[in-house]
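Here the protein sequences line up with chains F and B, keeping their order.
All letters in the first sequence, in the order written, are residues 3 to 788 by our numbering.
All letters in the second sequence, in the order written, are residues 9 to 120 by our numbering.
Some clues are possibly wrong.
Here are the simulated DSSO-like pairs of lysine-lysine, each with C-alpha atoms no more than 27 Å apart in a straight line [what the hints assert, rightly or not]: (1) F/LYS5 / B/LYS46; (2) F/LYS45 / F/LYS4; (3) F/LYS221 / B/LYS83; (4) F/LYS45 / B/LYS82; (5) B/LYS19 / F/LYS39; (6) F/LYS194 / B/LYS19; (7) F/LYS45 / B/LYS83; (8) B/LYS83 / F/LYS654; (9) B/LYS83 / F/LYS8; (10) B/LYS46 / B/LYS93.
Across the chosen pairs, the derived CB separations fall in these ranges [stated by the list, open to error]: (11) B/ASN69 / F/TYR607: 52 to 58 Å; (12) F/GLU528 / B/ASN69: 47 to 53 Å; (13) F/VAL557 / B/GLY113: 34 to 40 Å; (14) F/ASP304 / B/GLY113: 52 to 58 Å; (15) F/GLU285 / B/VAL117: 57 to 63 Å; (16) F/TRP541 / B/THR10: 44 to 50 Å; (17) B/THR108 / F/ARG184: 22 to 28 Å; (18) F/ASP74 / B/MET53: 49 to 55 Å; (19) B/GLY81 / F/LYS744: 50 to 56 Å; (20) F/ASP304 / B/VAL117: 38 to 44 Å.
Derived from the structure by calculation, the hints contain no laboratory data.
Even for Gly, the Cβ is constructed at its ideal location relative to N, Cα and C.
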Amino acid sequence: MKKGYKTEQGDEVLVRTCGWSPPGDHPVGCGMILHVKDGKLVKVEGDPEHPISQGRLCPRCLALTEFENHPDRIRYPMKRAKADRGKDKWERISWDEALDILEEEVHKIWDNYGPESIFVSQGTGRQASLYAPPMANACFKTPNISFMMSGSSCYGPRTVVADFLLGAGYPELDYAQFFEQRYDDPEYEVPKYIILWGKSPLQSNPDGFYGHSLIDLMKRGSKFIVIDPRLTWLASRAEYHLQLRPGTDAAIGLAMLHVILGEDLYDHEFCENWVFGVDELAEHVKQFTPEWAEEITWVPADVIRGAARAFATNAPSSIMWGLAFDTQQNGAQAGQAMLAIASVCGYMDVPGGIILALPSSFMGRWRFETSQYVDPEVFAKRIDAKEDHPAYATGPMCHPDSILTALETEQPYPIKMTYFYGSNPLSPTCYAEPERWYNALMKCDFNAAHDVFMTPTIMALCDLVLPLAGFAAQDAVVLPHFGRNTHFLGAINQAIDPGECKSDIEIDMIVGKRLNPEAWPWETAEEFFDAQIHTQYDWDFSDLRDAGVFQQKQVYRKYEKGLLRPDGEPGFNTPTGMIEVQSSIYDDFGEYDLPFFMEPAMSPYSTPELAKEYPLVLTTGGRDFVSFHSEHRQIPSLRNCTPDPLLTINPKTAAALGINDGDWVLIENQFGKCCERARVSYEVAERVVHAAHGWWFPEQDGEFPNLFGVWKSNINRLIPMYKVGKLGYGAPYKGVLCKVTKVSDPDAAMQDPTAYVAGEDRGPNSFEDGSAEKSPYLYQNFHPGE
Amino acid sequence: MTQYAMIIDYKYCTGCHTCEVACRQEKQIESQEEWGIKFAEFGPMRQGDEWYWDYVPVPSNLCDLCVDRIEEGKKPACAHHCLAKCMEVVSVDEVPARLTDLGAGGVAVFMP
Ligand code: SF4
Ligand code: SF4
Ligand code: SF4
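If we strip away everything but chain F, and leave its shape as in the complex, we get:
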């Protein structure tokens, strides 16, 4: 890339930058040139010199001018009396006054209840992922910070499974992301097969993976095996599509292992040297034939066999595992099976396989090291479900399901303040049973947030809101995979005046200087990034600006070279020093050491009585090109591409229900209801429907109870809280039951949230109804008496 990041061209200033958030996105860091005229962002053009994006941009960055110049942006701090929550009675205030209020409220809680009574609610993907934990720990001194899906169901579960079993950061597809020459580097090999498992990267660019590099690889000959309840566009072009029943991924994994180990298709040399527990696993999976899996998963045994053979006998091949592993109770086991498949085939850290990395390098480490500012006695009070889920409590965050219980019951202590860190969880993104959260959060003495637009969450619940700057108006660093497997660092360069808006790190610093100055010695974002960069490199943020991106070095087969363990010894950073397909530590957590299948808590087989009333399996969360979860609904050219929330339903099912494409339909189960528009398509099987998430309607009345229509098309109203796995992770966002009927009124699901009555049962158990004997591999069978 050319040196320097700012040039003038006629009456425009051109600023080169990398993208992140807000507006929301994962840390993909695409390269772009921002055109600024008279201080205003007038155009965005992709930067052809960027090694990963190569000039390409997705619609969200191409609509950045609409975001930056939007009349509804929050541009200054605002306060509102607690009694006026839900009313549009915001009053503009200065930053000084805003900080005075925040400081005073935090001190009140510190003095009267202790810092642990403050809770920080974090969303996904945005820069918030890096800077929310430090705000909790090093500003508010509370250990209670969490990503807010039930069972922390996004990324966390996969990274924890990878930590426990691989002792490495996030295992990522090798798409030549570390090479300047990319696919042409002589060391690189194109993967022969890529398994896309519960993942649709074209739309989601997950965790900073560049989605359309799959098209680059398709053009270079990679074939696809897609394991997904949806026929995605990539699945329509795949050699094998395993269209499984949602939530049965572990059964697919076990059957694939049955084929690979049973037919002796695995890499013996790699297994002997580097994999622990292969013999035990081989013995264990003898019983899990593809025919066994066919009954459970609805995938023909031949397809499972064919896919397993193709994958195992074509080296190198690779796997990408997606959010579907996180959004189910049995996901940790599905993940264990998936890692086992990749490991026994010998595809770990080889060209064209799966790239491994040392976890938590660079800023990923700083974010969790800030926990030192939490008093150890306070830290010990973290609400992390230690008793029920000791494995979860070894992780960095509090337990969201248990926080909800604490909010409701004030046990073990009351939560008195919540800070929404650039997140909009009432919209169907994070919170399951959102009305329940709404009622619980209304009990707090004080709620605050920072964000870019007035969201239903802020309108409903907050007393103070701070204005967040878009990435075009800030200096920052983007690092794909948040430091867990980071192929480059990119400079985010301020192109326009932020006005009174501040970036996440600036808000952390300015709040931190009031509440805990010792943790926040830096004056500017640039100083902060210099300090972070210097922990690893001898250059500065200004050098990164000039360079554009800094591609990290990577070598293959790091386990042979002592590059995956802090002690520099060869092997993996696990207790056995090997990849553990049989865990040496799960037993201590009360978890079975080998992967097993557990029927979803609510399914045609585990709850057959409910299935009579709610015959369809509901999956949610598939992404769209033109939004990031609940974001971008107010951006005209993006909303125009997808104006309504869509329920995808098979043509035969739709015909039987008298539903036509475009009809409004009501999706219901025993927890709640939601209205979406029918999209009649063969994308889903006859017994499955897929509902879009993240919907609210910024154009509608924002005041309570409507709250920008947040209750109308809120698919998370059908998802229960606290149906998690033994490790404390995973929840059934992608697997409950429902029925669908045609309605004429798009507001048919609207309901006053205060009328919501939460179910009696708030425990981590399943919906037991005596079906344990019928399904032989239920959780209960491995945990008798629980």
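With chain F's structure known, arrange chain B with the ligands on it following the hints.
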């Protein structure tokens, strides 16, 4: 004056909407009722024993093939940003050779 044509290797088109939004920005088409390029979706349907599912972007009467950009040595805005790198605008003379290179399976040529 050179005559240009747009070639879309639509077998790789993922329906990402990038061309639509890029064109909107480039040509400053603010009304959501109008567009410079828009794709049609065919499928997913079983045809023969395969899935058929294609997106085919079609430039409208508002498309001028970004001749200004081409003359400055740049790609048209849609092609520049296309996530699948499956669009190009070439002079009409070059079309047959490009079609031969791209091969069958879903390629379209437009002269809007
Ligand atoms: S993936 Fe899309 S939203 Fe994210 S930086 Fe790249 S172009 Fe922007
Ligand atoms: S060539 Fe230019 S005018 Fe035509 S569709 Fe593409 S961006 Fe629009
Ligand atoms: S930008 Fe390319 S891949 Fe995206 S819709 Fe247009 S032609 Fe298809």
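Each hint tested on the structure:
Restraint check for F/LYS5 and B/LYS46: the C-alpha separation of about 37 Å exceeds 27 Å, so the hint is violated. A hinted pair counts as satisfied when its Cα atoms are at most 27 Å apart, and F/LYS45 with F/LYS4 qualifies at roughly 20 Å. For the proposed pair F/LYS221 and B/LYS83, the alpha carbon gap of about 21 Å is at most 27 Å, so the pair holds. Between F/LYS45 and B/LYS82, the direct Cα distance comes to roughly 16 Å. Compliance with the 27 Å bound is thereby established for this hinted pair.
Restraint check: the Cα-Cα separation between B/LYS19 and F/LYS39 comes to about 39 Å, which exceeds 27 Å; the hinted pair is violated. Taken as a hint, the F/LYS194 and B/LYS19 pair is honoured in the structure, with Cα atoms around 20 Å apart against an allowance of 27 Å. Taking the CA atoms of F/LYS45 and B/LYS83, the gap is near 16 Å; set against the 27 Å cutoff, the hint holds. For a cut-off of 27 Å, the pair hint linking B/LYS83 to F/LYS654 is broken: about 44 Å separates their Cα positions.
For the hint pairing B/LYS83 with F/LYS8, the CA-to-CA distance comes to about 22 Å; that is within 27 Å, so the pair holds. Restraint check for B/LYS46 and B/LYS93: satisfied, since their Cα atoms lie roughly 16 Å apart, inside the 27 Å limit. Between B/ASN69 and F/TYR607, the C-beta spacing of about 56 Å keeps the proposed range 52 to 58 Å intact. In this structure the hint that F/GLU528 and B/ASN69 lie 47 to 53 Å apart at CB holds, the actual value being about 49 Å.
The hinted range of 34 to 40 Å is satisfied by F/VAL557 and B/GLY113, whose Cβ atoms lie roughly 38 Å apart. Evaluation of the 52 to 58 Å hint for F/ASP304 and B/GLY113 yields a failure: the beta carbon distance comes to about 27 Å. Judged by the Cβ atoms, the range 57 to 63 Å given for F/GLU285 and B/VAL117 holds: they are separated by roughly 59 Å. For the pair F/TRP541 and B/THR10, the supplied restraint of 44 to 50 Å holds, since their beta-carbon distance comes to about 46 Å.
For the pair B/THR108 and F/ARG184, the beta carbons lie near 26 Å from each other, so the given range of 22 to 28 Å is met. Taking the beta carbon of each, F/ASP74 and B/MET53 are about 41 Å apart, not inside 49 to 55 Å as hinted. Hint check: B/GLY81 to F/LYS744, Cβ distance near 55 Å, so the stated range 50 to 56 Å holds. Distance hint check: the CB atoms of F/ASP304 and B/VAL117 are about 41 Å apart, consistent with the given range 38 to 44 Å.
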